[in-house]
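Letter by letter, the chains look like this.
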Amino acid sequence: MSAPAAAPARTLPPVLRHPGVLFGLAVLLVVLVAALAAPWLGTVDPIQLRPRLRLRPPSGAAWFGTDAFGRDVYSRVVYGARVSLAIGAAVALTAVVLGLAIGLVAGYIRWLDTVVMRVMDGVMAIPSILLAIALVTLSGAGVLTVIVAITIPEIPRVARLVRGVVLSVREEPYVEAAIGAGTRLPLLLWRHVLPNTIAPLIVQGTYVCASAILTEAILSFLGAGIPTEVPSWGNVMAEGRQAFQLAPWVILFPGLCVAATVLAVNILGDGLRDALDPRIARRVGALR
Amino acid sequence: MLRFVAGRLAATLPVMGVVAVVVFALLRLAPGDPAAILAGDAATPEQIAAIRARLGLDEPMLQQFGSWIWRLLHGDLGTSILSNQPVTRLIGERIEPTLALATTTILFAVLVAVPLGVVAAWRHGTWIDRGVMAFSVLGFSVPVFVLGYLWIFGLAMHLRLLPVQGYVSITQGFGPFIERLVLPTLTLSAIYIALIARTTRASVLDVLGEDYIRTARAKGLRESRVLSRHALRNAAVPVISVIGIGIALLISGVVVTESVFNLPGLGRLTVDAVLARDYPVIQGVILLFSGLYVLINLAIDLTYLFFDPRIRY
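Chains as they are written, first to last, in this note's numbering: chain A, 1 to 288; chain B, 1 to 313.
What the hints contain is simulated information worked out from the structure, not anything from laboratory work. Note that this is a predicted model, so its numbers are computed, not measured. The beta carbon of each residue, even a glycine, is placed where N, CA and C say it ideally should be. Treat the hints loosely; a few may be bogus.
As the list claims (entries may be wrong) - Label pairs and their calculated CB-CB ranges:
1. A:G142 with B:P45: 21 to 27 Å
2. B:F65 with A:I109: 36 to 42 Å
3. B:P45 with A:R52: 50 to 56 Å
4. A:P186 with B:Q63: 39 to 45 Å
5. A:I109 with B:I95: 39 to 45 Å
6. A:W111 with B:F65: 22 to 28 Å
7. A:R191 with B:H124: 26 to 32 Å
8. A:L16 with B:A299: 30 to 36 Å
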């Protein structure tokens with residue numbers, strides 16, 4: 001499989017020498033540090049209303065200008081990075097874990113396969129934004145609801161990917177040998193099947209993360225996302241909608257942050273895909 | 001052939017069944033009393049009871065599902081809680097802008113993306129190829145609405161070339177109609193172009209290594225003919241299937257694009273329904289779009305027979 005993770009590496013492991021991986025990680029690191037160090041980056045209280053300072057253009061005092069309530073857009077964007085990154089990571093992790101479980105079951109238990117995959121096809125036929133909108137509408141706006149709502153439509157894609165890996169691995173001679181030697185199913189999955197899913201799952205996980213950050217921004221922008229008092233990138237933009245002809249900066253700055261972050265995650269994903277294992281390009285790329 | 005079509009048609013039934021079950025279960029399994037959720041925070045007990053009676057929420061679950069499916073199959077998508085109008089009528093009133101935008105977007109995206117992908121594969125490894133690939137990653141990353149606002153700021157507000165927002169029906173003149181669709185189309189097609197160009201490039205690249213391409217070149221065919229007749233035609237199946245998969249992306253994008261450009265289509269209908277918690281409308285739009293997605297992908301499967309004579313069923 002991929003680079004041996006266990007061996008203590010004196011030089012950079014090959015994966016980290018890929019320019020795309022390096023670039024993506026670097027940008028993400030900047031965003032992550034900014035998110036964590038938000039209070040010390042020249043920000044003011046992101047939810048403080050200052051009606052006298054409403055819709056001010058970018059200046060030395062307010063780098064990204066102010067919104068219709070006089071809140072500092074720069075501070076809201078920096079604090080918003082926390083929400084976006086947390087949601088991206090949480091969705092990617094949950095979707096990968098659940099998709100892995102479903103994919104393993106579907107790939108290994110023949111009679112369940114058809115049923116499970118039909119259900120996955122059905123969920124995939126529902127446009128993900130609409131499914132998320134419906135879930136948020138019914139369960140009420142909240143960070144947890146949004147995470148669940150974005151995760152559910154992503155699961156089938158991961159499950160399909162894992163099932164594909166399982167189906168191809170189970171034909172391999174070493175798996176047949178292991179079965180012949182009497183290896184029990186749990187050990188078989190753990191030792192022979194699971195390692196083959198790691199590289200494609202890491203790649204798919206980064207794509208899920210990118211799409212989750214985008215989807216959160218879209219949901220909040222449409223008014224079906226994070227509660228409006230929480231400064232997330234989507235919420236900041238949503239508040240800029242009414243006055244966008246007067247104060248384009250309220251939408252542009254958070255928009256550029258979303259774009260840059262998602263771009264970095266996508267480039268990281270493409271880099272990982274090429275660096276980890278060229279064979280998975282075929283499998284993951286088409287499923288995006 | 002006929003058996004294949006019939007079989008493929010039958011295969012859409014379980015998918016639509018799952019869609020129906022999910023949409024039905026969403027409301028019933030939501031935490032709390034569904035009638036109270038739909039009625040909103042300021043509702044009186046009488047209003048909640050009225051909604052419960054109208055949706056039949058007191059009946060046993062299976063019976064509810066049965067009668068709901070029965071009404072669906074008769075084209076009854078329920079009644080909007082907000083406006084008290086049949087959901088089918090609301091959808092009918094709003095479908096024109098969405099259909100117009102989707103059509104112009106698909107046409108524009110395919111016309112731009114397929115040549116881009118072919119050229120990128122043909123000039124593999126050059127700056128043209130890298131440019132197309134860079135654009136493709138960018139297209140996946142920039143949120144639809146950010147792109148929409150960038151177009152508005154640049155082309156509509158700054159250069160004053162096009163109207164900022166709004167929609168004019170095609171019945172009121174083709175010029176104004178298309179003029180207001182230019183920016184929404186440019187916005188929505190970006191992600192679709194990225195997807196199709198990337199797949200076209202990969203698929204054509206695969207085909208260009210084949211023996212028959214060398215043969216075609218060896219017998220002195222013009223390069224344009226080699227690319228269009230031999231390479232693209234053989235590379236068509238993955239490209240067409242990604243056009244189908246991308247319909248899902250397109251539907252999500254429609255909702256956002258219509259909000260940005262103030263187009264009174266199904267996307268706006270959905271967003272208004274979200275703000276009013278008008279679940280029957282959301283449910284109707286989901287069923288419609290999911291059905292469309294399944295049907296379009298069915299149609300696309302059938303076109304394989306035409307594009308790739310090697311596929312025989």
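Hint-by-hint comparison with the structure:
Separated by about 25 Å at the C-beta atoms, A:G142 and B:P45 satisfy the suggested range of 21 to 27 Å. Our hint of 36 to 42 Å for B:F65 and A:I109 is violated, since their Cβ atoms are close to 27 Å apart. Hint check: B:P45 to A:R52, Cβ distance near 44 Å, so the stated range 50 to 56 Å is violated. Restraint check, A:P186 to B:Q63: a C-beta distance of roughly 42 Å satisfies the suggested window 39 to 45 Å.
The hint said 39 to 45 Å for the Cβ distance between A:I109 and B:I95, and at roughly 43 Å that hint holds. At roughly 25 Å, the beta carbons of A:W111 and B:F65 sit within the given window of 22 to 28 Å. Roughly 40 Å separates the CB atoms of A:R191 and B:H124, a value that falls outside the hinted 26 to 32 Å. Between A:L16 and B:A299 the beta carbons are some 45 Å apart, a value that contradicts the proposed interval 30 to 36 Å.
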